[in-house]
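Enquirer: Position chain X against the provided structure of chain C, taking the given hints into account.
Keeping their order, the protein sequence lines are chains C and X.
Counting in our numbering, the first sequence runs from 15 upward without gaps.
Counting in our numbering, the second sequence runs from 10 upward without gaps.
Hints are supplied without guarantee of correctness; some may be wrong.
[As the list claims (entries may be wrong)] Once the Cα atoms are required to be at most 20 Å apart in a straight line, the calculated SDA-like pairs of lysine to any residue come out as:
hint: 1; chain 1: X; residue 1: 259; chain 2: X; residue 2: 194
hint: 2; chain 1: X; residue 1: 114; chain 2: C; residue 2: 357
hint: 3; chain 1: C; residue 1: 359; chain 2: C; residue 2: 222
hint: 4; chain 1: X; residue 1: 264; chain 2: X; residue 2: 343
hint: 5; chain 1: C; residue 1: 220; chain 2: C; residue 2: 128
hint: 6; chain 1: X; residue 1: 114; chain 2: C; residue 2: 57
hint: 7; chain 1: C; residue 1: 442; chain 2: X; residue 2: 116
hint: 8; chain 1: C; residue 1: 66; chain 2: X; residue 2: 347
hint: 9; chain 1: C; residue 1: 133; chain 2: X; residue 2: 259
These are computed hints drawn from the structure, not numbers from a lab.
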Amino acid sequence: MDPVFLSRLQFAAATMFHFLFVPLTLGLSILVAYMETKYARTGDQKYLRMTKFWGKLFLINFALGVVTGITLEFQFGTNWSRYSAYVGDIFGSLLAIEASVAFFLESTFIGIWIFGWNKLSAKAHAGVMWLIAFAGNMSAVWILLANGFMQNPVGYVIRNGRAELDSFFALITNKHGILEIIHVIPSALLLSAFFIMGVSAWHLLKKQHLEIFEPSFRIGLVVGLVCSVLVAVTGDMHGVNVSKTQPAKLAAMESHWETQTRAPLVLFAIPDEENERNSIEIGAIPGILSFLGFHDFNAEVTGLRDIPKDERPPVLPTFIGFRTMVGLGTLFILLTVYGWFKRNKLLENPTYLKIMMFSLPLPYIAIEMGWIVSEVGRQPWIVYGLMKTAEAASPVSTTQVFTSLMGFILVYGLLGAVGFFLMAKTVKEGPEDATR
Amino acid sequence: MELQTIWFFLWGLLWALFFMTSGFDFGIGTIYPFAGRTDTERRTMLNAIGPLWDGNEVWLITAGGVTFAAFPQVYATMFSALYTPLMLILFALIFRGVAIHFRSKIDTPAWKKVWDFLIFIGSFVPALLFGVAFANIFQGIPFDDQGIYHGNTFKLLNPYGLLGGALFVLLFIVHGANWVAVKSSGALQSRMVLISQRTWLILVPVAVIFLIASYFATDLYANYFQYPVLFLITLVNVAALLGIRYFVNKKTYFKAWFASALTIVLCTFFGIIGLFPALFPSSMNPDWHLTAFNASSSPLTLKIMLAVVLVFIPIVICYQIWAYHMFKNPVTQEDLDMEEAY
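Next up, chain C with everything else stripped away, as it sits in the complex (with noise of 0.2 Å):
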């Protein structure tokens, strides 16, 4: 096997475990933050439970966010040398601006939080988990801007044999990069809302501390339906900029082979890679499409097969992945927009009740699959346009690289199955008692 092959595997492995933890880190913190504001304000012992038992799963995904995220950073330098070496002026710059600005903020105060109940009053306590909210979307905020260079490098010149940083500005205003902030951003709160709706409705559906699951369920729910409209919205933007920077990402995510005005949305296929066609089509709606991608019925979008074969994504993953994030976004807004209007009657509605908690890994689902469609959509290039994936590698031994991935995925998968394990029995026992 090549060693190429298996730094992308390692990578894809790597950064979408990471991934697992990361939204819940970002939108959770927030939610704490804003319950434990609750707290400082009214003393309201019934806020101080909700704080204690949403950030007791809170903080055990942040240990696994963290150590996850650790080994990413060092990734680019053992697996993606060339690329490191050859855009690291640029890339480079934003990790370690993530590191000395956000990531630092963030881990010294989450020390000061777990630490801190008696040492600070109610309300500096609460401010240190805004700052925490606030710096590890910062960190966010620099590692899409990262991402974003990738899918549509900007503010660069090629010097000296590599590209060389031309203007920081334009790196950080990058339109690619900025609608990845705000669309991340939202489905984190996204999930993390769906993730609180989902583990309070077991405890409702148990009819047990309706008082801190009630509540809970409903900030869940105002959340995940601003959030649901908010995500569909900057998806919409997203998708009208990928068409006109990465025309062959769309084609891949709509597995569209011929170019076309006009261009139809269709609504079942089965894209053949090897004879360029789709091998089944089922129900297309003429100018969609091209609304779609364009806001424009009549816009020509350009098909697969006018894009050479050496840079065209993987079609089954980008058309799979697409379908998936758009058909389950649609979902959470029709899931939250039924709850609004339940929201008082919530336990009279046990089969919402049910269908919310078994909805909590679909947001995972959808945020993973965001990601398959953003970064295996810009395949074969790893930075769009300039460098690609194949000549990005580090000159290592397939041995190692080999090895290595086997150590990622046995001690993932153990650090799966405990970090499950835990936040089980956490959501389990339920909140401390009221007179503790």
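Expert: Same frame as chain C, now just chain X:
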């Protein structure tokens, strides 16, 4: 001073601060299963670093990030050449991170035993391998002008490399024992003092042997012979090393910890000054050394990053000092009874 020279020493400083801050975490983790005899003692040791170790670890991320930003060619070559040891360090850090967070989540001996073992592995392995890696970098790494590595991972475990590893482990143990001495009382504190004193007795000869071996195994002394005034820094280093013992004997443990912190920073700088201007020397051909001047980022990136680092790192240091200050008192039973405690 030239931008690249400033960045060279900032790079060294960030690694030194990582070793200084995470050093006592690693040291405590290394002695933890042997020196903590009861569950309460072990938990005291963990909670001694509990509020701080997360923030300490970010110095590694920053040192790595700054290597990437300021010296991308070094970042690329160093981490791909040292692929296997770095992966081992990263896995070890994963184990340590989850182990500290998860150990006290379930109160059964079997559960704790597993995490205790991982805390040890996750602390000892990085302490040893960072020492081995830096000692090998002092000697030079076999890579060519294309940055392709021609060595064998097992050759990193040469005598001088292992000596470097031993030096790091011993330094970190002393540093860690000093910190627990600050943060504990009674039998545990007395044991930590004993560990600090006895390990120091091994540390001193190992440090002397390392200094002598460096003369034969590396070119580190070239800069010192050219500018003998630099030996003054080594003198301060020796004073700090002696100071550890002095303050431990005087039972002023915070000062002893400060002395071990200073020792670690100056030991790192002993190597950094000797390396200058190389960050990652090639053992195959001195022309292929990656230096501050041939492996740096563009002047624009260096300037922007300098502004970021000069503004934010002092802020980080301020709030970290505030955090250390907040948690300066010994760990009490009341602390251990807190629901959130490790």
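Enquirer: For each hint, tell me whether it holds in the structure or not.
Expert: Results for each hint:
1. X:259 <-> X:194: At roughly 16 Å apart (the allowed maximum being 20 Å), residue 194 of chain X and residue 259 of chain X satisfy the hint.
2. X:114 <-> C:357: Given that 20 Å is the threshold and the Cα spacing comes to 34 Å, the pair is violated.
3. C:359 <-> C:222: holds (16 Å)
4. X:264 <-> X:343: Distance of about 26 Å is beyond 20 Å: violated.
5. C:220 <-> C:128: With a Cα-Cα distance of about 30 Å, the restraint between residue 220 of chain C and residue 128 of chain C is violated, given a limit of 20 Å.
6. X:114 <-> C:57: violated (28 Å)
7. C:442 <-> X:116: holds (16 Å)
8. C:66 <-> X:347: The given pair, whose Cα atoms are some 12 Å apart, holds under the 20 Å limit.
9. C:133 <-> X:259: violated (30 Å)
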